[in-house]
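J.: The residues making up each chain are set out below.
2 protein chains.
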Amino acid sequence: MKVAIAQTNSKIGDFNANVEKIKGVLSQANADVITIFPELAVSGGPLLDMVSYNDVCKGASQAAERLCEEGKSCIVGMPVSDGVNVFNSLAFIVKGKPTDVATKKNLTCFDRSFACGNGFEITQYEDKTIAFGFETDFEDFVAKGQKADVVICVANSVFEVNKQQQTINRMIPLVRKAGIKFIYVNRCGGEGRFVFNGGSFVLNEKGILCDELSLLDEQTKFLDTETLKTFTQNPLCKIEKMYKAIQIGIRDYFAKNGVAKAVIGLSGGIDSALVAALAVDALGKENVIGVLMPSEFSTDHSVKDALDLANNLCIKHYLIPIKPLYDSALQSLDEIFANTQRGLAEENIQARLRCMVLMGVANKTGSLLLNTSNKSEAAVGYGTLYGDTSGGIGAIGDMFKEEIWQMARWMNRNGVVIPENSITKEPSAELSYGQKDTDSLPDYAVLDKILALHLESRMSKEQIVAAGYDDKTTEKVLQMVKRNEWKRHQCCPCIKLSSSTFGIDRLMPIS
Amino acid sequence: MKVAIAQTNSKIGDFNANVEKIKGVLSQANADVITIFPELAVSGGPLLDMVSYNDVCKGASQAAERLCEEGKSCIVGMPVSDGVNVFNSLAFIVKGKPTDVATKKNLTCFDRSFACGNGFEITQYEDKTIAFGFETDFEDFVAKGQKADVVICVANSVFEVNKQQQTINRMIPLVRKAGIKFIYVNRCGGEGRFVFNGGSFVLNEKGILCDELSLLDEQTKFLDTETLKTFTQNPLCKIEKMYKAIQIGIRDYFAKNGVAKAVIGLSGGIDSALVAALAVDALGKENVIGVLMPSEFSTDHSVKDALDLANNLCIKHYLIPIKPLYDSALQSLDEIFANTQRGLAEENIQARLRCMVLMGVANKTGSLLLNTSNKSEAAVGYGTLYGDTSGGIGAIGDMFKEEIWQMARWMNRNGVVIPENSITKEPSAELSYGQKDTDSLPDYAVLDKILALHLESRMSKEQIVAAGYDDKTTEKVLQMVKRNEWKRHQCCPCIKLSSSTFGIDRLMPIS
Numbered sequence: 383m384k385v386a387i388a389q390t391n392s393k394i395g396d397f398n399a400n401v402e403k404i405k406g407v408l409s410q411a412n413a414d415v416i417t418i419f420p421e422l423a424v425s426g427g428p429l430l431d432m433v434s435y436n437d438v439c440k441g442a443s444q445a446a447e448r449l450c451e452e453g454k455s456c457i458v459g460m461p462v463s464d465g466v467n468v469f470n471s472l473a474f475i476v477k478g479k480p481t482d483v484a485t486k487k488n489l490t491c492f493d494r495s496f497a498c499g500n501g502f503e504i505t506q507y508e509d510k511t512i513a514f515g516f517e518t519d520f521e522d523f524v525a526k527g528q529k530a531d532v533v534i535c536v537a538n539s540v541f542e543v544n545k546q547q548q549t550i551n552r553m554i555p556l557v558r559k560a561g562i563k564f565i566y567v568n569r570c571g572g573e574g575r576f577v578f579n580g581g582s583f584v585l586n587e588k589g590i591l592c593d594e595l596s597l598l599d600e601q602t603k604f605l606d607t608e609t610l611k612t613f614t615q616n617p618l619c620k621i622e623k624m625y626k627a628i629q630i631g632i633r634d635y636f637a638k639n640g641v642a643k644a645v646i647g648l649s650g651g652i653d654s655a656l657v658a659a660l661a662v663d664a665l666g667k668e669n670v671i672g673v674l675m676p677s678e679f680s681t682d683h684s685v686k687d688a689l690d691l692a693n694n695l696c697i698k699h700y701l702i703p704i705k706p707l708y709d710s711a712l713q714s715l716d717e718i719f720a721n722t723q724r725g726l727a728e729e730n731i732q733a734r735l736r737c738m739v740l741m742g743v744a745n746k747t748g749s750l751l752l753n754t755s756n757k758s759e760a761a762v763g764y765g766t767l768y769g770d771t772s773g774g775i776g777a778i779g780d781m782f783k784e785e786i787w788q789m790a791r792w793m794n795r796n797g798v799v800i801p802e803n804s805i806t807k808e809p810s811a812e813l814s815y816g817q818k819d820t821d822s823l824p825d826y827a828v829l830d831k832i833l834a835l836h837l838e839s840r841m842s843k844e845q846i847v848a849a850g851y852d853d854k855t856t857e858k859v860l861q862m863v864k865r866n867e868w869k870r871h872q873c874c875p876c877i878k879l880s881s882s883t884f885g886i887d888r889l890m891p892i893s
Numbered sequence: 383m384k385v386a387i388a389q390t391n392s393k394i395g396d397f398n399a400n401v402e403k404i405k406g407v408l409s410q411a412n413a414d415v416i417t418i419f420p421e422l423a424v425s426g427g428p429l430l431d432m433v434s435y436n437d438v439c440k441g442a443s444q445a446a447e448r449l450c451e452e453g454k455s456c457i458v459g460m461p462v463s464d465g466v467n468v469f470n471s472l473a474f475i476v477k478g479k480p481t482d483v484a485t486k487k488n489l490t491c492f493d494r495s496f497a498c499g500n501g502f503e504i505t506q507y508e509d510k511t512i513a514f515g516f517e518t519d520f521e522d523f524v525a526k527g528q529k530a531d532v533v534i535c536v537a538n539s540v541f542e543v544n545k546q547q548q549t550i551n552r553m554i555p556l557v558r559k560a561g562i563k564f565i566y567v568n569r570c571g572g573e574g575r576f577v578f579n580g581g582s583f584v585l586n587e588k589g590i591l592c593d594e595l596s597l598l599d600e601q602t603k604f605l606d607t608e609t610l611k612t613f614t615q616n617p618l619c620k621i622e623k624m625y626k627a628i629q630i631g632i633r634d635y636f637a638k639n640g641v642a643k644a645v646i647g648l649s650g651g652i653d654s655a656l657v658a659a660l661a662v663d664a665l666g667k668e669n670v671i672g673v674l675m676p677s678e679f680s681t682d683h684s685v686k687d688a689l690d691l692a693n694n695l696c697i698k699h700y701l702i703p704i705k706p707l708y709d710s711a712l713q714s715l716d717e718i719f720a721n722t723q724r725g726l727a728e729e730n731i732q733a734r735l736r737c738m739v740l741m742g743v744a745n746k747t748g749s750l751l752l753n754t755s756n757k758s759e760a761a762v763g764y765g766t767l768y769g770d771t772s773g774g775i776g777a778i779g780d781m782f783k784e785e786i787w788q789m790a791r792w793m794n795r796n797g798v799v800i801p802e803n804s805i806t807k808e809p810s811a812e813l814s815y816g817q818k819d820t821d822s823l824p825d826y827a828v829l830d831k832i833l834a835l836h837l838e839s840r841m842s843k844e845q846i847v848a849a850g851y852d853d854k855t856t857e858k859v860l861q862m863v864k865r866n867e868w869k870r871h872q873c874c875p876c877i878k879l880s881s882s883t884f885g886i887d888r889l890m891p892i893s
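For the protein sequence lines, the chains are A and B, in the order given. Residue numbering for the first sequence follows the numbering used here, starting at 383 and increasing by one per position. Residue numbering for the second sequence follows the numbering used here, starting at 383 and increasing by one per position.
Hint data in this document are derived by calculation from the structure and do not stem from the laboratory. Being a predicted model, the structure only gives us computed values, none of them experimental. Just so you know, nobody snuck in bad clues.
Below are the PhoX-like pairs computed for lysine-lysine, each with C-alpha atoms no more than 25 angstroms apart in a straight line:
1. Lys705/B with Lys746/B
2. Lys869/B with Lys643/A
3. Lys510/B with Lys588/B
4. Lys705/A with Lys746/B
5. Lys705/B with Lys746/A
6. Lys667/B with Lys746/B
7. Lys393/A with Lys869/B
8. Lys864/A with Lys638/B
9. Lys869/A with Lys746/B
10. Lys603/B with Lys479/B
11. Lys403/A with Lys864/B
12. Lys393/B with Lys869/A
13. Lys393/A with Lys864/B
14. Lys643/A with Lys864/B
15. Lys440/B with Lys638/B
16. Lys487/B with Lys487/A
Extracted from the complex, chain A is given alone in its bound form:
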C-alpha cells in the first residue's frame, strides 16, 4: 500500500489556507497513494470551545467538499456534526469520495467541547484492511484484539523535550501486541503557547522503527507499507530541541496573530540577551526592536552589554533612561510613600515603568512585546506583575536559569552572538544599589534542582530534604513557589517546552 505521511501545520479556523495547504500536498501524490493528514488538519486545532459554534462545522464541511474535488485518496482530520453533537473526526476519502469516518472516543482537555465518539474504525481499501483512528484510542483498539493489515493513527501531540522518544516507547509494546504495521501522523507548528511535536513515525508489525519525520516542522514523506526498512534515529540534543521549539513557537505566534515585529527590553542580562538572539533567528533582524532602559541602579556594564548585543545582532535599538519617569512616579506617590522605608514598592515601580515604555513602543510601532522571564523566577515569584512578567508570549518562560546559560553558550558555538559578560556575570535585577539575585534566592545551581524535583518530580519538602537538600533552603523555596501562585495566574503565557509548564501541567489553587 502506497502512503504519504503529510505532517502539516494548520491554522485554526482558516479553512481557505488549510485547504490550499492540503491540496498542495495532494497534488504531489499519485492516484494510488493514500495521503494521511494529522488530527484536525482541515480546521486547525486545538479548537477548545470554538466547537460549540455552528460555523466551525459548516466551514469544515465546505472545506472537505473542496478537498474531495481533487479526486485523490486521503485520511484527514476535521470536526463533524451529526446535528446534535460535534465529534473530533477522521474522514477516509477514496478517490474523492468519503467512505468512512472514525470519531475520537478518549478525549483530552483540548477536546472539551467535542462529544465522545466511537474510537477506531476498520475499513477495506483495495486488498488491505485498514484500522484508523486517534492516538488516545489506540490502546482500546489493541485491547479488543482486532486484526488489520495497517494501523493509521493520527495525533495532536504537543512538544515536550522528551516527548518523541516517550511516544515511540509507549507505542512499541502496543504495536507488538497488535502485530500490525503502524503509521503515526502528528501535526506540527505553533499554536498559542503550544508547539506541536511533529516527529510522525512508522513501526513495522514487530514494533521496530522504520521511518521518522522531522521534529516540529512540516514534512511530507512517501512510503510503501510492503517495503519497510529499519530506520536509525539521529536525534537532536536537548538544547537543540528547545531551540527549534522556541523558533517555531515565536515564528508561528507572530505569523498566526498577524504581527511581524517584536519589541524586547534589553537589560544587559542573560535572559533578555538570549530572547533577542532567538527572536532575530525566528523573525529576522529587521523585525526586532531592542529597548534599553537603564536606571540609577543599573551598572555601567549593563548598558555596555546590551549595546554590544544589539550591535552583534544588528537590531534597531533605543536608549530610554527611566530616571526622570521614576522620579516623577515617586513624587506623585509622595503622600503615601513619605517616611516609609524604601523597598519592594519602589523596586516594582521601576519594572512597571519599563513595561509601560515597552508597551508604548509596541503599540506605536504595531509590534508585540516578547517576554523574557524564565521558569526559575516565575516559580519563586522573582518578578513584577505588570512589569517584567508582561508581553504577548514568553520565549524562555519554560526554561530554568541553568538551561538558559546552556543555550546561550550553545548559540555562541560559532562565534560570539551573546556578549560573554552577559553569560558570566552574576545575575541581578538591578532594582536597588548592588542588588544580586542571590540576595533573595539560593544559587541557581541549587534553586533549579530543588524546583525540578518539586515541579517535575512532584516531590514534597520531606522528599526533597531526604534527597539531600538543605531543610531551610527547601522550605524557603517551596514557600515562595506556593505564595506566588496568584502571580503566575496573570503572567504572560510562555512557549511550552517541558512536562511541567506553569498554567498547563501544574494547576494549583490561588490561595
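Chain B: place on chain A using the hints.
T.: Here is chain B on its own, set in the frame of chain A:
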C-alpha cells in the same frame, strides 16, 4: 434516621482550621446523629494538582484521625491514597470508627489529579441502608436500579446565578426514578475566583423538596429522615444572588490570602463606584482605600462623583493627578512618538500609569488591588492590559454593563450610596478629550444582548443576525471578541457568577 447537614466552607490545605471547624459542628450533634459534610471538607478544594504531592494525603489522614477521636458519626470528604493512586473520597465514620469509603468515579476538571474511583457505596447503618457518594456519580447509581433507604450525595458545586434551581431540577427526575429519600450536601464559601453554591437540599422519595439550606454561606441544619415535610423556597432575585456571591467572593479571597485591605482606583464612573461599595460591604470601610487619578482628559464631574462616592462610603482616599507622570512618559518616548498621530498608544499609557500608581499604593500599604473591569469590556477588549485589567481579583468581571447599572440602583434602594450621576452619565474611559464608550462600541443595551447570545447561547454571527440584530454591528462585535482573546489570557481573574465566565466556561485559542 437523624441527620445534620453541615454546609461548611473549608480552606485548602489548612487541615488544622478545617478539623477545628468540623469538630465544632460535631460537638453540636448528639450521639445518634450522622453529620454530613461536603466534598473535600477535610482538605478544602478544589485541590487540582496539589493531589500529586504526598503531603496532602498525609495531612488529610492525620486530620481524619483527629476527627475520629470525637467518637461521633459522620460522612466527610477527603483525599485518600491507596499507595499508588489518590481518590476523591467520602469516609463513613460510625461512632469514631471509619467503616466505609466511597470514591468518586466521574471526575471533573477540578479532579484532574485524582484517579477514577468506584462511584456510590451502599452501607448498613443501624436499621437503615444508606447509599452515599458524589453528585457526578448519582446518575450511574440510579441507572443501576439499586435500593436504599436514604441517598446521601455530596457536592463541590460552584455558584452560577441559575445553578441552584438547575441542580434541584436535574435531581428531581433521578430521585423519582430511584424512589429514595435524597440528601444533597454542597460546600460553600469562596476559593480563588470560585464561590461555592451552598444551597444543600433534601428531596423525599417522590422528588418533592423538603428542605433547603442558605445559598453560598455556612449553615448547619438538623433533621429526621422519618419526618420530612414539604418546604417552600424563598429565592433571592438575580441581583441579590450576584451581590451575595460577590460579597463572599471578596471576603474569602482576602481572608484566605491573608490580606485585609483593598485598593481601588476611583474614576467617578459606575464600575469603580460599584466595586468600592461592594468592597466596603465585604471588608468594612476601614479596609478600603480609594485612589483618584484624574488626567487632563478627565471631566470636572469625574472628580466630584468620585469624591462624593468616597464621602458616602466614608473611605480613606487619595487624589493623585497623573498629568506630570503622563508628560514625563511622553517625553521619555519622544524619539519614537515624535511626528506620529496621537492614538491608542497614548491612551494606554495613561491606563498603565494608573496601574503603576495603584500597585504602588497596594505594595506600600500591604493591600490588594481590586479590579473594576466588567464583562462587556473584557469581551470586546475595551481595556488596557497592564492598565485597568490589573488587580488581584475582579469583583464585577462576570457582569455585563447593564447588570452593573441594575446592581448600582439596587444598592441605592435605601438611600444614595453610589452617586446618581455615576449611574446616569454616559460611560467614558476619558483617555482623550470628549471620548465616549459609544465612539468605539455599540450602545450597551445592544452590545450586552449580542454578547449574551454569543457567549452564553453560543450563537454564531448568522444566528444572531437571524435573531434580529444588525449585520454590521454583530460582525463588528464578534470580531472584537475574537481579536481580544489574547488580552483575556492575562486579565485579572474575576469572581465567577455566570455560566459563561471567561477563562473557565469559554476557552478559545489565542490566535
